[in-house]
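Participant: The chain contents come next:
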Amino acid sequence: MLWIALKMLVGNRGKYVGMIVGVSFAALLIGQQASVFFGIMWHTTSQIREVRDADIWVMNPNVEYIDDIKPLRDTDLYRVRGVEGVAWAVKYFKGGSRARLDDGQYQQVVLNGVDDATLVGAPRDMIIGSVDDLRKPDAIIIDDLGYRLIWPDGPFELGKVFEMNDRRAVIVGVCRIGKTFQAFPIIYTRYSEATAFVPVERKVLSFVLAKAQPGEDSQEVCRRIEQQCGLRALTRKDFCWQTMYTYFTKTAIPINFGITMLLGLIVGAAITAQTFYMFTLENLRQFGTLKALGTRNSTIMRMVVFQAVLVGAIGYALGIGLSAIFGDVARSTARLAFLMPWPVFAGTGAAVLFIIILSSVLSVRRVLQLDPSAVFQGF
Amino acid sequence: MVAQTPNDALVRCRNLAHEYGEGEARVFALRGLDLDIYAGQLTLLVGPSGCGKTTLLSIIAGILRASHGDVTVLDTALQTLSGSEKTEFRRKNVGFVFQQYNLLPELTAVENVAVPLIVAGERRSVALARGRELLASLNMGHRANARPQKLSGGEQQRVAIARALVHHLRLLVCDEPTSALDERTGHAIMELLYGVAVDPERAVLVVTHDSRVFAFGDRTAYLNDGQVVRVEARTGPRPAIAPLAKQPTP
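Just so you know, the protein sequences line up as chains A and B, in that order. So that you can map any letter, position 59 of the first sequence is 59 in the working numbering, and since no number is skipped, the others follow by simple counting. So that you can map any letter, position 234 of the second sequence is 613 in the working numbering, and since no number is skipped, the others follow by simple counting.
Don't read these hints as lab results, they were simulated from the structure. Ideal placement from N, C-alpha and C gives every residue a C-beta, glycine not left out. One or more hints might be untrue.
What follows is a list of derived Cβ distance ranges for each label pair [as the list claims (entries may be wrong)]:
id	chain 1	residue 1	chain 2	residue 2	range
1	A	Ser298	B	Arg444	17 to 23 Å
2	A	Ile314	B	Val610	53 to 59 Å
3	B	Lys529	A	Ala270	51 to 57 Å
4	B	Val505	A	Ile357	46 to 52 Å
5	A	Met278	B	Gly400	24 to 30 Å
6	A	Gly11	B	Phe593	52 to 58 Å
7	A	Ala270	B	Arg444	36 to 42 Å
Stretches of chain B that chain A covers, calculated by requiring three or more beta carbons in the stretch to come under 8 Å of a beta carbon on chain A [unchecked claim]:
id	stretch
8	410 to 424
9	433 to 439
10	484 to 492
11	556 to 566
Build the full structure now, drawing on both the sequences and the hints.
Facilitator: Set out below in structure tokens:
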């Protein structure tokens with residue numbers, strides 16, 4: 001009987017296309033908005049993920065996310081080094097500064113100060129220049145998008161100069177890093193230089209980056225650091241989750257995206273459910289005839305559900321496919337956040353399933369209530 | 380024609396009553412009606428609009444439950460059957476021909492004919508082959524792959540009759556099968572139905588108010604105000620119409 005259901009469905013081309021468009025629209029909007037949301041969340045952790053040498057981040061116990069800087073005492077570094085299981089620990093500075101450009105304009109920048117001796121925390125993916133050049137006086141490395149923000153035209157050039165905190169900074173390299181939540185240029189320099197690029201404060205140590213000894217469990221080492229030093233210690237992965245959690249719970253980002261996704265779901269469900277219901281009403285004569293001819297209610301129900309599932313599956317595939325194409329285009333656009341992990345597919349699928357169930361329930365109910373004797377009464 | 384007793388009847392209606400609505404809106408469609416319908420005959424139900432013809436047809440076909448009284452079809456008391464049992468009963472025993480044909484517009488003629496077999500669980504290829512054979516026997520083989528909207532009214536009704544006959548049902552109920560057709564086509568359709576009724580195992584029940592087809596009735600039951608006011612049996616010889624080729628029982 002399903003082939004009859006299929007023929008009934010595709011035979012009414014207008015409604016068939018209308019229903020698919022409804023589901024596709026919902027899937028596209030939900031998938032696309034969810035992907036942008038995940039992309040933004042992913043961007044918030046970019047600077048944590050860029051520090052690849054260290055697997056433990058030690059911070060003030062009140063720090064909630066990467067940009068929430070509450071400085072430590074310099075002596076905390078040595079206390080961390082003294083914890084059992086710590087292979088090494090280095091200083092890491094993170095803060096904001098203001099760059100004064102050669103044309104007199106100002107540009108807010110994000111400043112990262114990496115360990116002077118080891119350069120732990122420095123970027124790995126250099127487009128031009130070398131990380132080792134950070135050892136030169138006043139040397140900084142800037143990310144490519146930040147460079148383009150300041151100097152939109154021309155090729156990347158080393159030796160360009162600007163000032164931070166009335167101190168000269170010389171570009172010795174341009175790097176490529178993961179896109180960040182903020183649109184400011186990302187500057188890397190040595191810790192000693194970084195502390196000079198910002199106004200003097202008593203405490204300037206933002207984080208201590210540490211590595212667990214081989215064979216030691218990072219989580220366990222974090223626990224020991226917290227116990228012995230009274231600081232907060234998180235693995236890189238946990239710090240990423242903590243940062244995303246904070247953005248999720250303390251900003252309006254999820255609400256804004258949630259509203260758009262909800263609207264997509266409501267509009268998609270309304271279009272699809274109504275069109276499917278109208279489609280069913282138009283086919284009542286056919287369903288009534290089939291019932292009169294001895295088709296069981298369960299079979300009729302299977303036919304309606306099959307039609308809804310087919311529309312849902314095609315609509316989902318189109319919608320999520322269009323989302324992916326959007327993402328592909330978005331990725332080629334510098335700062336647009338877009339990430340499609342499996343929860344986007346699953347969540348969008350769940351939304352489409354909800355639409356299908358809603359559409360099916362309304363239509364199945366109408367068809368099951370249909371009295372086959374109506375076939376003699378002309379509907 | 381051999382004299383028949385009520386025990387020979389394929390359909391027996393006794394004291395049949397049906398009402399629609401409740402309270403002041405209640406309408407009595409049938410009021411204690413008795414009627415027998417025999418195999419090997421074409422029975423006409425005639426009467427003015429609103430006299431209860433279609434209600435009676437629906438009850439006999441097993442798609443409407445009578446409010447009161449007994450109706451026995453093929454020795455099965457329909458009032459004792461549950462909804463699903465009635466569905467099963469219809470699938471196995473009752474063929475339908477509708478005034479507006481009720482063909483599925485998205486299916487071809489042969490696919491429409493095959494529907495009852497598919498409903499009964501037959502494989503599609505087998506059902507289509509049987510549908511094609513039946514259409515050919517009704518001189519509709521050349522239109523087997525046409526969709527209903529491409530067929531004339533008479534062709535559509537032939538397809539509908541083929542659908543009703545495709546798995547050798549014992550009772551064929553027809554609701555105004557000729558009212559949407561011109562006289563010549565209507566006559567041809569009645570000839571076709573009459574060819575079915577010649578089969579001694581089958582009964583054909585036709586609701587009509589089309590006086591042009593009254594001559595085809597072996598028995599004609601006149602209804603008025605929900606009751607059978609008289610039944611007339613044919614007195615003269617039957618029209619010389621060749622019986623329809625019998626289809627194999629599935």
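Participant: Okay, which hints does this one fail, numbers in order?
Facilitator: 3, 4, 6, 8, 11
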